[in-house]
Amino acid sequence: ETGVTQTPRHLVMGMTNKKSLKCEQHLGHNAMYWYKQSAKKPLELMFVYNFKEQTENNSVPSRFSPECPNSSHLFLHLHTLQPEDSALYLCASRIGATGELFFGEGSRLTVL
Amino acid sequence: EDKVVQSPLSLVVHEGDTVTLNCSYEVTNFRSLLWYKQEKKAPTFLFMLTSSGIEKKSGRLSSILDKKELFSILNITATQTGDSAVYLCAVDRGSGGSNYKLTFGKGTLLTVNP
Numbered sequence: 656e657t658g659v660t661q662t663p664r665h666l667v668m669g670m671t672n673k674k675s676l677k678c679e680q681h682l683g684h685n686a687m688y689w690y691k692q693s694a695k696k697p698l699e700l701m702f703v704y705n706f707k708e709q710t711e712n713n714s715v716p717s718r719f720s721p722e723c724p725n726s727s728h729l730f731l732h733l734h735t736l737q738p739e740d741s742a743l744y745l746c747a748s749r750i751g752a753t754g755e756l757f758f759g760e761g762s763r764l765t766v767l
Numbered sequence: 004e005d006k007v008v009q010s011p012l013s014l015v016v017h018e019g020d021t022v023t024l025n026c027s028y029e030v031t032n033f034r035s036l037l038w039y040k041q042e043k044k045a046p047t048f049l050f051m052l053t054s055s056g057i058e059k060k061s062g063r064l065s066s067i068l069d070k071k072e073l074f075s076i077l078n079i080t081a082t083q084t085g086d087s088a089v090y091l092c093a094v095d096r097g098s099g100g101s102n103y104k105l106t107f108g109k110g111t112l113l114t115v116n117p
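Listed in order, the protein sequences are those of chains A and B.
Count along the first sequence from 1, then add 655; that gives the number in our numbering.
Count along the second sequence from 1, then add 3; that gives the number in our numbering.
Source of the hints: derived by calculation from the structure; they are not laboratory data.
A quick note: this is a predicted structure, and the numbers were derived from the prediction, not measured.
Hints may be right or wrong, so weigh each one.
Beyond 12 Å from chain A on every Cβ pair, some chain B residues (computed) [claimed, not checked]:
no.: 1; residue: Val16
no.: 2; residue: Gly62
no.: 3; residue: Thr106
Distance condition first, Cα-Cα at most 27 Å in a straight line; then the derived BS3-like pairs of lysine-lysine [unchecked claim]:
no.: 4; chain 1: B; residue 1: Lys44; chain 2: B; residue 2: Lys109
no.: 5; chain 1: A; residue 1: Lys673; chain 2: B; residue 2: Lys6
no.: 6; chain 1: A; residue 1: Lys695; chain 2: B; residue 2: Lys44
no.: 7; chain 1: A; residue 1: Lys707; chain 2: B; residue 2: Lys59
no.: 8; chain 1: B; residue 1: Lys70; chain 2: B; residue 2: Lys6
no.: 9; chain 1: A; residue 1: Lys707; chain 2: B; residue 2: Lys104
no.: 10; chain 1: B; residue 1: Lys70; chain 2: A; residue 2: Lys707
All C-beta atoms in this analysis are idealised placements derived from N, C-alpha and C, irrespective of residue type, glycine included.
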């Protein structure tokens, strides 16, 4: 148990659906991240939020829309996704600019 | 562009063997290098290295950083089947302000057979 909770753990959606992934941490961390993990590829950074402000958008398509209402919660809103978006989406948090990331268990997304 | 290269990409050993995993990097404003173990889902933290030549150790695992040659190694001695996992290397760069980016390698898949 890392203190970072992601829901849902598994999600299957059609290309026209709209869904959201949720991440929650109560570690007192101020930085939160979304990473995408596809087979045989490195973890790809998607978004970084620091004190609720987005500080990194790694050229992510607009069909992925992040939201960070406060330092403890992070969402990833999904709409009109493509089958190649199927992957494990990992949320992580960190206390500041240094130190290790604490990862959630991930949300396994399948787009049909 | 930041680059992190891990080798080998996969490795199969027998219980009791010693393994060495490699991570080389090219990154501007290097700050630290981190190792993670990923078994099923969430990567779990192993080590963070910031200084050259200082070995970090935790049980049968150890790691060291060479900032001149831009690489790190992760050693596992007396391997056990529970060490089977993907080992991820990540490099943290600092550029001041609010830059909080970690770049990961592809990982090394270690399989330890009984």
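Now the hints, each set against the structure:
{"no.": "1", "hint": "Val16", "in the structure": "21 Å, holds"}
{"no.": "2", "hint": "Gly62", "in the structure": "18 Å, holds"}
{"no.": "3", "hint": "Thr106", "in the structure": "7 Å, violated"}
{"no.": "4", "hint": "Lys44(B) x Lys109(B)", "in the structure": "15 Å, holds"}
{"no.": "5", "hint": "Lys673(A) x Lys6(B)", "in the structure": "34 Å, violated"}
{"no.": "6", "hint": "Lys695(A) x Lys44(B)", "in the structure": "15 Å, holds"}
{"no.": "7", "hint": "Lys707(A) x Lys59(B)", "in the structure": "34 Å, violated"}
{"no.": "8", "hint": "Lys70(B) x Lys6(B)", "in the structure": "15 Å, holds"}
{"no.": "9", "hint": "Lys707(A) x Lys104(B)", "in the structure": "16 Å, holds"}
{"no.": "10", "hint": "Lys70(B) x Lys707(A)", "in the structure": "34 Å, violated"}
Figure legend: structure checked against the earlier numbered hints; hints not met, in rising order: 3, 5, 7, 10.
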